[in-house]
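Given next are the chains, with one letter for each unit.
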Amino acid sequence: MIVSANILELLIMISTALVAIAPVILIFLWLKDKKGGKLW
Amino acid sequence: MNNDAILQASTGWLILAIFSVLWILLGWWLGRQAKGLEGFMLAGRKVGLALGTATAMATWVTSNTTMAAPQLALQMGIWGMVGYSLGSIGLILFAPLAKRIRELMPHGFTSGDFVRLRYGKLAWRVFLGISLFYAFGWLVSLGMAGGVLINALTGIDYHLGMTVILAVCVSYTLLGGLRAVIGTDFVQTILILTGLVILAVLAITQVGVDTMHAAVIEERPELLNLLFPAAIMFLFNNLLFGIGEIFHSNVWWSRAFAFREGVGFKAYLIAGLFWTPVPIVAGFLALAVPALNINVPAADMVGPLVAAELLGVGGAVLVFIIVFSALASSLDSLLAATSDLVLTDIYKGHLFPRATEDQLAKAARWVILAIGLLTWLLCWPRLTTLAELLYLTGAFVASTIWPIAAGLFWKKTNPTGAMLAMLLGTMVGLSSYFLIGFYVAALISAAVSMSLVLLTTWFMPRPYDWTLLNTQQVALGGERS
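Chains A and B supply the protein sequences, listed in that same order. Each residue of the first sequence is one higher than the one before, starting from 69 at the first, in our numbering. Each residue of the second sequence is one higher than the one before, starting from -11 at the first, in our numbering.
Treat the hints with care, since some could be wrong.
[Said to hold, decoys possible] No more than 20 Å apart at the CA atoms, straight line, and that leaves these computed lysine-lysine pairs for PhoX-like:
no.	chain 1	residue 1	chain 2	residue 2
1	B	Lys399	B	Lys109
2	A	Lys102	B	Lys109
3	A	Lys103	B	Lys254
4	B	Lys34	A	Lys103
5	B	Lys23	B	Lys350
6	A	Lys100	B	Lys350
7	B	Lys254	B	Lys23
8	A	Lys100	B	Lys400
9	A	Lys102	B	Lys400
10	B	Lys34	B	Lys23
11	B	Lys23	A	Lys106
12	B	Lys254	A	Lys106
13	B	Lys109	B	Lys350
14	A	Lys106	B	Lys400
[Said to hold, decoys possible] A few chain B residues that don't get close to chain A, going by computed Cβ distances all over 12 Å:
no.	residue
15	Leu18
16	His201
17	Ile205
18	Val269
19	Trp364
Read the hints as simulated data drawn from the structure, not as lab findings. Note that the Cβ used here is the ideal one computed from N, Cα and C, for glycine as well.
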């Protein structure tokens, strides 16, 4: 049962996109916490 | 010296110097506002969602995630990466536990506090044995990994590299406690994730997934086989090992206590979801090996080799920064959480029960220093068998999954059953490690532990008063004087 090139590409693309979004979300949350005085 | 190193030692020293100064200064700056014992150990119990999510992610992204994920992909193919990414299940499942811990124990300090108050002193001592064995196994494996990776990447002597990384982490944890750890974790998370995305995009654009797939099919088709037996066994063992590590370890409990009310559940859930793709992104680089026709002398160096092939020296520098950040973010967390456990449950709980909060605040620094020194001594001989200790800990930690979860949510969990579950689960798990293999140790340990908790609770239920966990007087390792 071999994984096709399309499935492999889908797995890699979705994973890379999620990892790329993560820092943006973290910085957004940081700014939100900072603004609300809830950082620490 | 290592003549096969990808970077020059001078470049390695420069990166080490820059980031060492950065982490120590940041730790010192953040730690200035850490007041009192709670400020130092638990960052004042008001950590917000952004820092909470980042610290959970960074701590779980170790040097193993960034270096072993490509290695596993090279050895076990697609299941190697996907199996590793299931490590996130532990983080996700800990989300409701973190919420419950914060609600039940608003004054708690360590996971040891919970076991002592919930199950009594005998179970507490069994738990401490398991928890400290695991903590030192992980600390030593991280310290050794630091020395080995720095040597492999730059040629810098193992002892020097290991000493630098331990000294840096001890320094900023000493200066700023958990605030320093969590603050640096945020920066380290951003660095690790950004670096990984750069490498992944380069691999996709320069090599292409179709080319990778075609080359793997031609040279190593088993890597893309979903029915690869060894990889499927690895997947289940890794899943249970990860859950056991997170459920019992004070690394995760101390964060549950430190997070602001209402933050724990969201922080662990988001961290788990975003952690899931990290081993896949780090791991698939290895699938480019056949297409790039790279000679890989050691499987654990496949990540840096692919990065260097794609991006030259810049790629190797990027991997070095990712690995250094991943190592530091886990080492500092483990150092802080283990010292909390030793201070609260050993120093105060067993040796000096009448110690005041001021005395404990002073002792906290000495405990961090002592643990750092002990780790350094254990790492010095570079015994590979010590690193393998971490595999053994699977049998230990998996035995704690049911006692912890049932103790937090079930009112009638039997304390003797929970203690026996940890003890016998560990013993049977260890026996299966030696008699059968490493891949069943966590599985059998968890099964024995689960059976004991369920049977004793079913036949001999012991109702518990939850309010006993919410008392400031009995927190912090024992009765206050």
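Okay, the hints, checked on the actual structure:
1. Simply put, lysine 399 of chain B and lysine 109 of chain B have alpha-carbon atoms about 19 Å apart, close enough for the 20 Å limit, and the pair holds.
2. Between the alpha carbons of lysine 102 of chain A and lysine 109 of chain B the distance comes to roughly 42 Å, so the proposed pair goes past 20 Å and is violated.
3. Distance restraint check for lysine 103 of chain A and lysine 254 of chain B: the Cα-Cα separation of roughly 19 Å lies within the 20 Å cut-off, and the hinted pair is therefore satisfied.
4. Using a Cα cut-off of 20 Å, the hinted pair lysine 34 of chain B and lysine 103 of chain A holds, with the two alpha carbons roughly 15 Å apart.
5. Only pairs whose Cα atoms come within 20 Å are accepted, and lysine 23 of chain B paired with lysine 350 of chain B is accepted, the gap being roughly 12 Å.
6. A threshold of 20 Å between alpha carbons decides the hint, and for lysine 100 of chain A with lysine 350 of chain B the separation of about 35 Å lies outside it, so the pair is violated.
7. Using a Cα cut-off of 20 Å, the hinted pair lysine 254 of chain B and lysine 23 of chain B is violated, with the two alpha carbons roughly 26 Å apart.
8. A C-alpha spacing of about 41 Å is found between lysine 100 of chain A and lysine 400 of chain B, which places the hinted pair above 20 Å, so the restraint is violated.
9. With a C-alpha separation of about 42 Å, the suggested pairing of lysine 102 of chain A with lysine 400 of chain B is violated against the 20 Å cut-off.
10. Of the pairs offered as hints, the one joining lysine 34 of chain B and lysine 23 of chain B holds, with about 13 Å between alpha carbons and a cut-off of 20 Å not exceeded.
11. Annotation: proposed proximity of lysine 23 of chain B to lysine 106 of chain A holds, straight-line Cα distance about 17 Å (limit 20 Å).
12. Distance restraint check for lysine 254 of chain B and lysine 106 of chain A: the Cα-Cα separation of roughly 14 Å lies within the 20 Å cut-off, and the hinted pair is therefore satisfied.
13. Taking the CA atoms of lysine 109 of chain B and lysine 350 of chain B, the gap is about 26 Å. The hint is violated against a cut of 20 Å.
14. Simply put, lysine 106 of chain A and lysine 400 of chain B have alpha-carbon atoms about 37 Å apart, too far for the 20 Å limit, and the pair is violated.
15. With 12 Å as the threshold on Cβ separation, the claim that leucine 18 of chain B sits away from chain A is violated: the shortest Cβ distance comes to roughly 9 Å.
16. The non-interface label for histidine 201 of chain B is inconsistent with chain A: the shortest C-beta to C-beta separation is roughly 4 Å, within 12 Å.
17. The beta carbon of isoleucine 205 of chain B is not kept farther than 12 Å from every beta carbon of chain A, the shortest such distance being approximately 7 Å.
18. The Cβ of valine 269 of chain B does not lie farther than 12 Å from every Cβ of chain A; its closest approach is about 5 Å, which violates its non-interface assignment.
19. Here tryptophan 364 of chain B stays apart from chain A, with its beta-carbon at least about 31 Å from theirs, past the 12 Å limit.
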